[in-house]
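*Asks:* Based on the sequences and whatever the hints tell you, model everything.
Taken in sequence, the protein lines are chains A and B.
Note that this note's numbering has the first sequence beginning at 1, numbered continuously upward.
Note that this note's numbering has the second sequence beginning at 1, numbered continuously upward.
If you're looking for bench data, these hints aren't it; they were derived computationally from the structure.
It cannot be assumed that every hint is accurate.
Cβ pair distances, simulated, as ranges [to be verified]:
(1) B:Lys112 to A:Pro88: 39 to 49 Å
(2) A:Ile64 to B:Gly115: 49 to 59 Å
(3) B:Lys112 to A:Arg119: 45 to 55 Å
(4) B:Gly115 to A:Ala82: 45 to 55 Å
(5) B:Asn13 to A:Arg119: 37 to 47 Å
(6) A:Asp176 to B:Leu41: 34 to 44 Å
C-beta atoms are modelled at their ideal positions from N, C-alpha and C, and glycine is treated no differently.
There are 2 protein chains.
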Amino acid sequence: MSAEPTELPQDPNAPRLYLALVHYPVKDRAGATVTTSVTNLDVHDIARSARTFGVRRYYVVTPIELQHTLVRRILEHWTTGAGRKRMPERWEALSLAEPVVSLEQAIEDATKREGERPRLLVTAARAPKDRPLTSVADARGWLRDRAHPYMLILGTGHGLAESLLAGADHQLEPLDSGTGYNHLSVRAAAAIYLDRLLGR
Amino acid sequence: MSAEPTELPQDPNAPRLYLALVHYPVKDRAGATVTTSVTNLDVHDIARSARTFGVRRYYVVTPIELQHTLVRRILEHWTTGAGRKRMPERWEALSLAEPVVSLEQAIEDATKREGERPRLLVTAARAPKDRPLTSVADARGWLRDRAHPYMLILGTGHGLAESLLAGADHQLEPLDSGTGYNHLSVRAAAAIYLDRLLGR
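*Replies:* And the structure:
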């Protein structure tokens with residue numbers, strides 16, 4: 001088993017985009033900062049979307065070490081042995097996923113891979129009052145230019161904590177659909193952002 | 001409780017689009033026709049995406065009556081009583097969802113609501129060899145014109161059975177991302193198709 005590669009070979013022409021799914025610090029319904037639980041389906045669905053659009057690495061951010069064990073078990077099931085043989089397209093997707101204790105750790109890993117700190121693109125369901133928004137069209141252009149690496153950051157629960165939003169390089173415009181209803185699942189939001197940023 | 005409305009009032013300007021998630025007839029990994037199980041998360045995630053983009057009704061298609069009981073329990077939990085009070089945005093989404101025994105039953109319900117049989121837009125991960133594809137741009141134009149109702153049909157498992165694909169009015173182009181990897185979850189595919197068809 002040790003002879004099997006644990007990561008896909010990186011396509012040098014792939015977009016320089018990394019993805020982080022944050023479980024801390026995020027908001028609960030009342031706006032308090034909490035840690036949410038990692039779910040099996042978030043790992044799977046978002047890894048499949050990441051692989052579909054050519055994302056370089058998908059970080060599952062949680063400070064809870066026990067949940068790293070859970071994520072590693074999911075990854076091992078599909079990236080080694082029988083699971084990998086039976087559904088090779090799952091290993092391709094899940095080999096992109098990696099549990100990390102903090103967003104900073106995700107950034108460090110991406111920095112090592114790129115030789116340059118990725119610029120942080122945060123997302124939220126509502127526009128902030130006091131900061132400018134970046135259009136998806138602009139971010140799409142930057143990714144096409146490939147001059148710098150970027151990290152798209154999504155929050156679980158009721159979204160990324162304010163400290164994290166305020167500290168990022170760019171906040172992307174919300175996925176406004178015109179209906180006034182804005183309660184997409186994080187799995188759906190990840191799929192739509194990736195499609196808008198990288199889809200044809 | 002009987003005084004509470006069970007459906008949102010229909011916005012007359014909403015897109016004339018219905019959504020069906022099919023659990024039979026669909027393909028398994030080997031291409032055989034099977035019935036898949038309804039999952040809690042498919043009901044929730046896709047209802048939230050449907051509500052976000054203004055879809056008129058979301059049909060959960062399965063011939064297994066026991067699974068209708070399951071779906072109705074999910075809907076009741078969130079559309080009445082404490083669940084509805086605690087998370088009103090969930091009731092808004094889930095009030096769109098409805099279990100039906102067959103695609104034909106979904107079509108009949110939509111026909112009653114529209115006074116006209118909806119035109120069927122099927123989806124698949126691969127393009128067929130012997131039938132033309134409809135571009136998402138064309139379908140988007142039809143929805144904007146509002147001249148006729150449409151139903152977007154998504155398959156669980158390994159996709160809609162061939163009989164269903166061949167009998168539809170239009171097959172939409174696959175969600176090609178250019179990477180050659182095309183194994184999105186049905187939740188992600190639903191979100192991306194709705195965004196491409198109805199998003200701003």
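*Asks:* Hints first: check each against the structure and report whether it holds.
*Replies:* Status of the hints after comparison with the structure:
1. Between lysine 112 of chain B and proline 88 of chain A the CB atoms are about 45 Å apart, so this pair conforms to the stated range of 39 to 49 Å.
2. Separation of isoleucine 64 of chain A from glycine 115 of chain B is about 54 Å and conforms to the stated range, judged on CB atoms against 49 to 59 Å.
3. Roughly 52 Å separates the CB atoms of lysine 112 of chain B and arginine 119 of chain A, a value that falls within the hinted 45 to 55 Å.
4. Distance hint check for glycine 115 of chain B and alanine 82 of chain A: the Cβ-Cβ separation is about 53 Å, which falls inside the suggested range of 45 to 55 Å.
5. A hinted range of 37 to 47 Å holds for the C-beta pair asparagine 13 of chain B and arginine 119 of chain A, which are about 39 Å apart.
6. A beta carbon spacing of about 24 Å between aspartate 176 of chain A and leucine 41 of chain B contradicts the range 34 to 44 Å that was offered as a hint.
The structure does not agree with numbered hint 6 stated previously, though it agrees with all others.
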